[in-house]
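> Sequence:
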Amino acid sequence: MPFIVTEACIQCRYTDCVEVCPMDCFVAGPNFLVIDPDGCIDCSVCVPQCPVQAIVNAAEVPPEQAAFVALNAELAKAPGWTPIRQRAAPMPEHARWAEVPHKRHLLQRGVAEAA
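Taking our numbering, the leading residue of the sequence shown gets 827, the next gets one more, and so forth.
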């Protein structure tokens, strides 16, 4: 099973994980990152890089985050979501949102800004 990005990334969009991914499988949206499951080789090097612990193995995802398995696959192919291969600045108010739970309603599916 590939790794996925969960709700903790919403409104933060830290990209420390992007720099270490050997397969370039991260895709950026307006306020969230996802992992393209077709490219992920399950190496887990991205996991410790995430400052909000948003990256988990899809086979071990907590039940309350299970919808993010399909969401990563869907958004990785969504129009306007772009592959990201270099570290970028996090969201402007990332520190404010880093510890906030239950952010799924804030997920923006629209066209991503340049990452």
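Hints may contain errors.
Claimed, not checked - Lysine to aspartate or glutamate pairs mimicking EDC-like chemistry, simulated, CA-CA at most 20 Å apart:
# : residue 1 : residue 2
1 : K929      : E919
2 : K903      : D862
3 : K929      : D868
4 : K903      : E925
5 : K903      : D864
6 : K903      : D850
7 : K903      : D868
Read the hints as simulated data drawn from the structure, not as lab findings.
> Look at each hint and say if it fits the structure.
Verification of the hints:
1. K929 - E919: Holds - the C-alpha atoms of E919 and K929 are around 14 Å apart, at most 20 Å.
2. K903 - D862: 8 Å, holds
3. K929 - D868: Measuring from Cα to Cα gives roughly 26 Å; hence the hint is violated.
4. K903 - E925: 28 Å, violated
5. K903 - D864: Holds - the C-alpha atoms of D864 and K903 are around 10 Å apart, at most 20 Å.
6. K903 - D850: 14 Å, holds
7. K903 - D868: OK: K903 and D868 at ~19 Å, within 20 Å.
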